[in-house]
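K.L.:
Since chain A is already given, all that's left is putting chain B on it; use the hints.
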Amino acid sequence: MAKYLLLKHYRGAPAPVNDVPMDRWTPEEISAHMRYMQDFADRLEKTGEFVDGQALAAEGAWVRYDGEGRPPVTDGPFAETKDLIAGWMVIDVDGYARAVELAGELSAAPGAGGKPIHEWLEVRPFLAAPPTVTE
Amino acid sequence: MTRLDEALLRSLTPGVIGVLVRRGADFAAAEDAVQEALVEAVRVWPSDQPRDPKGWLIAVAWRRFLDATRADVSRRRREDLVDQEPVPGPAPAVDDTLRLYFLCAHPSLTPSSAVALTLRAVGGLTTRQVARAYLVPEATMAQRISRAKRTVSGVRLDRPGDVATVLRVLYLVFNEGYSGDVDLAAEAVRLTRQLAAVIDHPEVAGLLALMLLHHARRAARTAPDGALAPLAEQDRGRWDTRTIAEGVGILQAALARDRLGEFQAQAAVAALHADAPTAAETDWVQIVEWYDELARLTDSPVVRLNRAVAVGEADGPRAGLAALAELDAALPRHTAVAAYLYERDGDPATAARLYAEAAQKASNLAERDHLTRQAARLNARRSP
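Residue numbers (this note's numbering), protein chains in the order written: chain A, 1 to 135; chain B, 1 to 384.
In isolation and in its complexed conformation, chain A is listed as follows (with noise of 0.2 angstroms):
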């Protein structure tokens, strides 16, 4: 029982395979890609191991503290920025093992050409509770 984040960059990941930017698809294309993203889901759903999914806009700002009294910094949009996170998929799962073989399955999404995107897909573990047992 753990859970993991399956974490879909649109920048800063490494370049999949099938690298072929969406806009580039067939409208075909994009809905096969948008329901397999659903398909995958809803498969999780019944197996007992969604938690959460999420698309993010590609388009944020930062914001900081700039002091008592006053009102909080806003810049960007960065266009450069170098990491940008298109989304995300929460899991609880048995272990480590699943949580890869979840992402594998994810990241076999279709794209161009009606082929897999062999997108990377960043997995990274939830900090847990603290065990009762500790010695």
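Since the hints were made in silico from the structure, they are not lab data. Check before you lean on any hint, since a few could be wrong.
[As the list claims (entries may be wrong)] Derived Cβ-Cβ restraints for the label pairs, each shown as a range:
1) Ala15/A with Gly154/B: 45 to 51 angstroms
2) Tyr96/A with Glu40/B: 39 to 45 angstroms
3) Pro14/A with Val42/B: 52 to 58 angstroms
4) Ala164/B with Asp52/A: 30 to 36 angstroms
5) Ala15/A with Val39/B: 31 to 37 angstroms
6) Leu127/A with Ala376/B: 40 to 46 angstroms
7) Asp95/B with Trp120/A: 40 to 46 angstroms
8) Ala223/B with Pro14/A: 39 to 45 angstroms
9) Ala322/B with Pro21/A: 36 to 42 angstroms
10) Trp120/A with Pro46/B: 51 to 57 angstroms
11) Glu138/B with Pro14/A: 22 to 28 angstroms
12) Pro107/B with Asp52/A: 26 to 32 angstroms
13) Val198/B with Trp120/A: 27 to 33 angstroms
14) Asp23/A with Ala223/B: 29 to 35 angstroms
The beta-carbon is built from N, C-alpha and C at its ideal position, and this holds for glycine as well.
P.N.:
This is chain B only, laid out in the frame that chain A set:
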């Protein structure tokens, strides 16, 4: 209006499922029907607690089962069942309860499925409570439980399984989980106590003792600022001495039967810690001996890591580091143990570096914060 006796309600759950199964219901349908009866009891009992709570639950669950059967199964099958029921007379609740423990921990289930099914069918928790305890959506937990029920649907309930599989599931409930509104550690203690009442087995007693001895320290495990307090730094005045005494008593009775197992040995280590008025008075020599026993019983690398810590205390940090050097450096907590031993050996620079490295590898937040604080403490002392 009386308060709902939730403990009573939950303790009756496995026996009621057993009665339905013996009357001919399959396990999955019986478990669903009893879950509905529990929900009904939560609604009705506070204003009108029945004189025979178990009889009430059986009657309501059986009715729900028949309703559901009527909805899905052919008329002939239903009529057969109605013709057969009910078989009155005293229910052998002990056997029913025990069989359910075995079924819910069946080796064909993954650990997370076995845990979820045990908490619902044996523990009488609702799907929502189990979902919250493990921070997953209720729909996901519902699917996990119904899948687990399908997996064990072909398992016959009439023969006992291996008690070790049940103990592993109960240990997982005790040791892992986030505890929302359900206190999972307390629930694990209750389920293990209930198991110990229906089966006479020294390892069941050993696990119960282990849980009680750790549970007794719970209040002291968290420092006033919320940080994790390691054993050596705990305020021992906050340990629950009554629970310790109970755990030690159960352990001694189990050990006297001379059938040692890993949970008894682990409980013996916990009992030696509980017995020390201060950390400095801990009998580390005996603890090392128990870890030697444990290593013989389990050959677990985690045990050998803990043994290296104990050796470091019993024979000095150099001996601990030598014991550690024989183990795979990729083991969880290996770096943290090394950091501790280097600090005790008078090498704060290496210790600080290793504490920081160990914090990066920590698998939980409390441990990561603790290790980061150790690194910070040593770094602050070294730089002017």
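K.L.:
So, against the hints stated earlier in the document, which numbers end up violated here?
P.N.:
5, 6, 7, 9, 11, 13, 14
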